[in-house]
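Undergrad: Construct the complete structure from the given sequences, taking the supplied hints into account.
Sequence order for the protein chains is A and B.
For the first sequence, our numbering assigns the number 7 to the initial residue and increments by one for each residue that follows.
For the second sequence, our numbering assigns the number 186 to the initial residue and increments by one for each residue that follows.
Do not take every clue at face value.
Here are the simulated BS3-like pairs of lysine-lysine, each with C-alpha atoms no more than 30 Å apart in a straight line [to be verified]:
#1 LYS374/B - LYS263/A
#2 LYS202/A - LYS312/B
#3 LYS129/A - LYS227/A
#4 LYS227/A - LYS387/B
#5 LYS374/B - LYS242/A
#6 LYS227/A - LYS210/B
#7 LYS312/B - LYS263/A
#8 LYS312/B - LYS223/A
#9 LYS431/B - LYS64/A
#10 LYS223/A - LYS374/B
#11 LYS129/A - LYS431/B
#12 LYS263/A - LYS155/A
#13 LYS227/A - LYS155/A
#14 LYS141/A - LYS284/A
#15 LYS160/A - LYS64/A
#16 LYS374/B - LYS411/B
#17 LYS227/A - LYS242/A
#18 LYS202/A - LYS409/B
#19 LYS227/A - LYS431/B
#20 LYS409/B - LYS227/A
#21 LYS202/A - LYS53/A
#22 LYS155/A - LYS374/B
Residues of chain A clear of chain B, computed beta-carbon distances all greater than 10 Å [stated by the list, open to error]:
#23 GLU51
#24 TYR52
#25 LYS60
#26 LYS64
#27 SER73
#28 ALA84
#29 LYS95
#30 ASN108
#31 VAL144
#32 GLU156
#33 VAL210
#34 ALA240
#35 PHE241
#36 GLY268
#37 TYR281
Short, incomplete list of chain B residues facing chain A, as computed with Cβ under 7 Å [to be verified]:
#38 GLU209
#39 LEU326
#40 SER329
For the record, the hints were derived by calculation from the structure and aren't laboratory data.
Cβ atoms here follow ideal geometry from the backbone N, Cα and C, with glycine treated the same way.
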Amino acid sequence: MLTTHAPHTTQQTIANKNHITMKKIHLTFLLSILFAHVLLAQGPEYKLAKSTGKLEIKELNNVLFESTNGNEIIFTSAKDNDDVDERAKGLRSISASGLEDNTGIGLSVVEKGNIIEVRQLRKTEGPAVVIKVPKGVVISYAHTSPYGKEVTFKSIESEIEVSTVHSGVVLENVSGPMTVKTVHGDIECTMGQTMKSPVSIVSVHGHVDVNLPLATKASLKMKTVYGEIFVDPAFKMEVERTNSDMVAYSSNDVNGKINGGGIDITLSSTHNNVYLRKR
Amino acid sequence: MKTNDWDSLLIDYIDQNLSAQDREKVEAALRTDATVRLQYEQLREVLQTMDHAGEQEPPARMTTSFNTLLQEEIRAARQPRTISLTPALYRVAAAVALLLVGGGVGFWISRHQQQQAELEAMQREMKATQEMLLSMLGNDLSASQRLQGATVALRMDRADNELVTVLVRTLTDDPNTNVRLAALDALGKFSDERPVRQALIKALSTQTDPLVQIELIRMLVDMKEKTILKELHRISTDEQLLNEVKDEAHAGILRLS
Numbered sequence: 007m008l009t010t011h012a013p014h015t016t017q018q019t020i021a022n023k024n025h026i027t028m029k030k031i032h033l034t035f036l037l038s039i040l041f042a043h044v045l046l047a048q049g050p051e052y053k054l055a056k057s058t059g060k061l062e063i064k065e066l067n068n069v070l071f072e073s074t075n076g077n078e079i080i081f082t083s084a085k086d087n088d089d090v091d092e093r094a095k096g097l098r099s100i101s102a103s104g105l106e107d108n109t110g111i112g113l114s115v116v117e118k119g120n121i122i123e124v125r126q127l128r129k130t131e132g133p134a135v136v137i138k139v140p141k142g143v144v145i146s147y148a149h150t151s152p153y154g155k156e157v158t159f160k161s162i163e164s165e166i167e168v169s170t171v172h173s174g175v176v177l178e179n180v181s182g183p184m185t186v187k188t189v190h191g192d193i194e195c196t197m198g199q200t201m202k203s204p205v206s207i208v209s210v211h212g213h214v215d216v217n218l219p220l221a222t223k224a225s226l227k228m229k230t231v232y233g234e235i236f237v238d239p240a241f242k243m244e245v246e247r248t249n250s251d252m253v254a255y256s257s258n259d260v261n262g263k264i265n266g267g268g269i270d271i272t273l274s275s276t277h278n279n280v281y282l283r284k285r
Numbered sequence: 186m187k188t189n190d191w192d193s194l195l196i197d198y199i200d201q202n203l204s205a206q207d208r209e210k211v212e213a214a215l216r217t218d219a220t221v222r223l224q225y226e227q228l229r230e231v232l233q234t235m236d237h238a239g240e241q242e243p244p245a246r247m248t249t250s251f252n253t254l255l256q257e258e259i260r261a262a263r264q265p266r267t268i269s270l271t272p273a274l275y276r277v278a279a280a281v282a283l284l285l286v287g288g289g290v291g292f293w294i295s296r297h298q299q300q301q302a303e304l305e306a307m308q309r310e311m312k313a314t315q316e317m318l319l320s321m322l323g324n325d326l327s328a329s330q331r332l333q334g335a336t337v338a339l340r341m342d343r344a345d346n347e348l349v350t351v352l353v354r355t356l357t358d359d360p361n362t363n364v365r366l367a368a369l370d371a372l373g374k375f376s377d378e379r380p381v382r383q384a385l386i387k388a389l390s391t392q393t394d395p396l397v398q399i400e401l402i403r404m405l406v407d408m409k410e411k412t413i414l415k416e417l418h419r420i421s422t423d424e425q426l427l428n429e430v431k432d433e434a435h436a437g438i439l440r441l442s
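TA: Shown next as structure tokens:
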């Protein structure tokens with residue numbers, strides 16, 4: 007509306023001067039400025055009306071997941087892309103796997119029934135993406151390439167599935183249920199006040215560092231093969247005894263209940279340490 | 186000649202079985218000896234009676250009436266005897282005793298039924314748990330549901346074939362590592378069972394996820410399963426696999442041999 011109205015007034019003022027060439031130049035100039043402005047206000051953003059189902063994100067190198075109360079999944083690409091390739095200007099990135107950038111932000115988003123598949127077109131680097139997810143949508147994130155650093159989940163209240171090979175995983179104020187697995191990455195997790203069962207966080211190489219509210223009722227299963235397990239003494243843990251009254255300290259597994267037991271939490275790192283802190 | 190000797194001679198004489206010489210002797214004795222004659226008279230009477238007796242049959246009416254009497258007697262003998270407890274106190278005591286026994290039996294039966302009902306309820310509950318568990322394990326959309334299913338399976342004391350089959354399928358086919366690990370944990374609990382053991386051994390050669398591979402190697406080595414040695418050799422020399430997996434396989438070889 008603004009775009010059609012603005013040129014109209016401009017046209018009138020210029021018409022008063024009775025200078026046709028000047029009028030045309032001004033018109034194009036103003037139109038282009040307005041058009042650019044509209045683009046900037048909108049930002050590189052893509053919305054998808056969806057409040058249930060499963061969001062399957064594959065091979066996105068740089069992602070931050072946030073929660074939204076709305077009914078749309080909102081993909082935003084952070085503006086400051088350092089690695090703008092001048093040579094690629096005006097060209098479009100295409101992928102051998104036949105992916106198409108249907109979002110305008112370097113992502114391919116394809117809806118298949120209940121499942122929304124999201125991939126990035128570039129193999130290396132790629133856009134830094136923020137994805138706002140409604141509470142009813144399950145988030146599944148899988149990453150295998152060595153080109154990512156870490157993936158972050160902030161205040162997510164829906165179910166989370168994470169599987170990475172190299173990327174670290176940061177979970178801030180999440181509520182579960184969740185299954186997190188990484189081979190080389192570290193996992194940092196701060197759990198919310200009300201948790202939903204089950205929670206499984208495992209790593210081969212990286213450490214597993216979890217902050218848990220003291221009042222959480224949980225059945226814990228902590229495991230390491232070549233690492234150590236550290237627990238804040240504030241947690242009053244009833245360690246499960248396998249045979250008679252003996253506690254097997256040599257065992258790699260510690261199974262126990264805090265606050266009488268409740269949601270199932272599995273924390274495991276094969277070659278590194280497991281830390282359980284109070285939040 | 187003695188009386189006994191005369192007896193046999195006389196019997197034969199009556200039956201006319203004697204030689205002419207003996208007959209003359211007997212006849213002479215009969216004429217002269219009174220004792221022998223008396224003996225002869227008695228014997229003849231006895232023998233005649235015996236002959237007649239053999240021919241005599243009891244009359245048919247007598248037989249039936251005897252049988253009827255016999256039957257009646259038997260029936261009479263079968264009839265219960267009535268015990269009469271003359272003092273009233275005994276009767277009361279008997280009544281109380283009867284009540285007690287009856288009550289006891291009744292209580293026992295009801296308790297038995299209650300136990301039966303409890304058992305059935307428990308079985309129903311177990312079946313419901315298992316069905317819920319199976320449906321959880323089959324939830325394609327939610328890895329957490331499948332994980333919870335596997336976690337519940339870990340708490341079960343025993344697993345039937347259906348559950349084992351589903352857990353094995355979860356271990357081999359589930360796309361989520363955490364779920365596969367939980368299924369492996371649950372199966373490890375039932376590793377005494379032959380099919381579970383077989384499934385674990387088979388999974389070692391098909392599993393490609395390093396986390397599950399390491400867990401699987403550790404579990405099978407703990408089970409002292411020596412048949413996997415060859416597979417462990419292959420894993421420990423496979424260049425494509427993660428170093429940690431190869432190291433675990435190598436450690437497994439050392440522990441098993």
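Undergrad: Give me the numbers of the hints this structure contradicts, sorted from smallest to largest.
TA: 3, 6, 12, 18, 22, 25, 31, 33, 38
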